[in-house]
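Spelled out from the first residue to the last, the chains are:
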Amino acid sequence: MISYGQHEFPGKLFVVEGTDGSGKSTQLALLHQWLKASGFPVFYSEWNSSPLVKDTTKRAKKRHLFTPTTFSLIHATDFADRTERDIIPPLKAGAIVLADRYIYTAFARDVARGCDRAWVRELYRFAVKPTVAFFFRAPLDVAIERIVSGRPELKFYEAGLDMDWTDEPEESFKIFQGRILAEYDRMVDEFGLTMIDATRSIERQQREVRRIIKQHLMEEAAIMA
Amino acid sequence: MKHLTFYGTALPDVEPEPYNGKLIVIEGPDGVGRSTQIGLLRSWLEARGHAVLDTGMTRSELAGRGIKEAKLGHTLGRLTMHLYYATDFADRLENQMLPALRAGFIVLTDRYIYSAMARAVVRGADPDWMRAIYGIALVPDAVFYLRIQSAAELAERIVVSGRGFDFWESGMDMYLGEDYYDSFIEYQTQMLSEFDKMTAEYGFHLIDASRPLPRVATDLRRAVGRAITRRTIRQGGASTRSESTNEQAQIEQARVRSHESREGKGAGQV
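Protein sequences, first through last, are from chains W and F.
Numbering-wise (my numbering), the first sequence opens with residue 1 and increments by one.
Numbering-wise (my numbering), the second sequence opens with residue 1001 and increments by one.
So that you can see chain F by itself, here it is in the shape it has in the complex (with noise of 0.2 Å):
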């Protein structure tokens, strides 16, 4: 990404450097397995020789801890929890992932701010509202959504993997069914719809998730290889704030988007 193009308005004061890293976004449900898939990236990028930092939601210095805290008691209410998660990623966009990306590393993120809209607006709130706010966020050089069919399947792994449901994770904020495993499947399905809608708007590489985590593994790799060696067809200037680069950027996304489908659907996909 040598040229910063964001969603909406840019950053203020984002340094006008070159950027020589490679921003890639894996997205998906929780309990999909991505921490997972991510650490094993992770060993396979730097074997090749690449720097990599990696980065998710809660890691911010700045509000990392506040949000944790506040999800432990029962006063924290929805627009503020929206806006907690909107500071935490700010925070780790300018500390972390920008400085990572000039200094050439590949930055691997666990979710960006499309399961942060998507958790939100399925809370109620306002999606253009939602994207207003995070058009602050840089435009990756590639998402990969590791998709899974149903909230069921979701549930399977969550109870074979041990760690059992967790309140956020099952929705229980949200008062949507009798006990934790009724809640979780009505939520994860509410959130699987909202990031299917999000698929075309945000040009999400769907990864097929419901196999098994090697052949999943083994179609990342080769997906993310083909993200960080394609040529930078972005050449939108360096981190204007005017309107006409947004349109700009739409219209380069819109590109790279065709320009993928000719290559025979998403690189993901297999």
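Bound-form chain W, shown alone (with noise of 0.2 Å):
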């Protein structure tokens, strides 16, 4: 089994994170058309998204049936459906993979759930490491403003009310969000996460996030306007 950061391919890898309303994948979808047009082969993989298991997410999500443990385990059986579908066979054939989250999300959410540190990334050892990790950082206040206002319902396992810290969404939602937030920052430099300032305007975060993409695709760069 090849372990996390032995992974050789000639493809990119792009991943984008963040806590929930960090307008990471607004960024990521601009990307993706940036990309496409400039004539790239580019493949899109999201979070959650394997046919084999998002049956069984959406079943035990709707009944309450996750504890932290199977919380985590079964995003990573998600995740390595993706991994062998979505992303290793793209990246062999030379694609840009961008990726809507990635293991730091699990990192991060898990370990807010009360998942041990270490368990949760040796459980995510296959993973292939990507080329840029970007990490859209909203100040927390941002962030909860931006999924409170916008979102009809918060929901169960969304607000971490399966934590049982309160019995009230929204203030679950904030607690679980600082915990999460929380992690992702003592991510930064253990995982070398590229950190994007998510309060400037979308416009100055894309060019930021193109600027730096375009040093990666150096050969390809001179092709690019």
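Keep in mind that the hints are not guaranteed to be accurate.
[As the list claims (entries may be wrong)] PhoX-like mimics (lysine-lysine), calculated; alpha carbons at most 20 Å apart, straight line:
| # | chain 1 | residue 1 | chain 2 | residue 2 |
| --- | --- | --- | --- | --- |
| 1 | W | K155 | W | K58 |
| 2 | W | K92 | W | K36 |
| 3 | W | K54 | F | K1197 |
| 4 | W | K58 | F | K1002 |
| 5 | F | K1068 | W | K54 |
| 6 | W | K62 | W | K129 |
| 7 | W | K129 | W | K155 |
| 8 | W | K214 | W | K36 |
| 9 | W | K155 | W | K61 |
Rather than coming from a laboratory, the hints here were simulated on the basis of the structure.
Source: prediction; values computed, not measured.
With the hints in hand, could you dock these two chains into one complex?
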């Protein structure tokens, strides 16, 4: 089995990470458009999307079947399927793979739920190390405001209500997001995440992201306008 | 098992109550007769007044159906399969085994982490990776390994039973042979060798399963009877996650093993 950091493929893997409401999916969509328009073979892959696992996760969320450990394991299973199907083959084919959320999402959420930090990292040892992992960092109040105002109701696991911190969804969500953000912050150095200030305008963030990606597509960059 | 001992990183959030039940594992290869033996054991234990819970792979509420469906298709990758099984195991550990142990049940489990790890390792997974993931598993009170001499013996049983060769039990996903029979022999030979490697590491009690079913059942009964009346030797702190406890657990496991070998080999060997 090949471990994290040991994979070598001709393609490039760029991932976006950050708390809910950090604006990372918007940034990734813009990136996708730009790379496609520039003529690159691009493959897009998102969190929680394995056709083999999706139904199990959906059903378990509805019936509240998860504990922190099984929540962690089913997401690792889903991610394994994505790795085997959506990530490694396109990278071998020399494509640019864009991933909306990656292993750092699991590290942040699962540890926020009480899973052991080292155990969760070991669980994902099979993952491919990204070329660049962008961390869109928004202060807690900004991110929470974006989510709470734009959504009719917070979901059970999304709000961390399974943890019994409080019965109040919004309060629980704040506690949960706070713990997640703290985990992201400690991963910046551990995994060399590239931090992007998500309080700035969408355009400025996108310019910065594109500038960084260009550096990694050196030869190809010549073709780009 | 008054106190819980884990193989590695303990499950988070385990209730720190006393666990008065016993966790008994029946391991062995495909077709060796585990489920028949478990059925007999269960009746015997219940007749003696013990409450019994039996469980086994893919019987979790969470992941059982998903695994079965995934195995019917042709898109299930190896890593995905290993982790799906780990999810199934964790769900059963937390929602079936631990509550039953807390309630004083005898938990009979048809296979445990050892089969799951052997399957994964035979398919190229890193053994250390598997051990780290399954560190969340409880160290059972006893593991009885129904051992058979050769894969050919298993194949014969499968044919005689009339159920025929199964795709996964024959390792057909690994392209090991021309047909189901060849592939079965090669795959099961590799599995038997993995089990043999784990025997010392995990202190399996060997039961010679090449003999006729009633004799195996008699041995198993005697060995299980001894395991459930045995005074709990382990005295590790309840579900603590510190490294010193892991180390202590290992020492205590070793002590349990040497204690039993003084009693005359593994409890199951006659």
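Index of numbered hints that the structure contradicts, given in increasing order: Numbers 3, 4, 6 and 7, in rising order.
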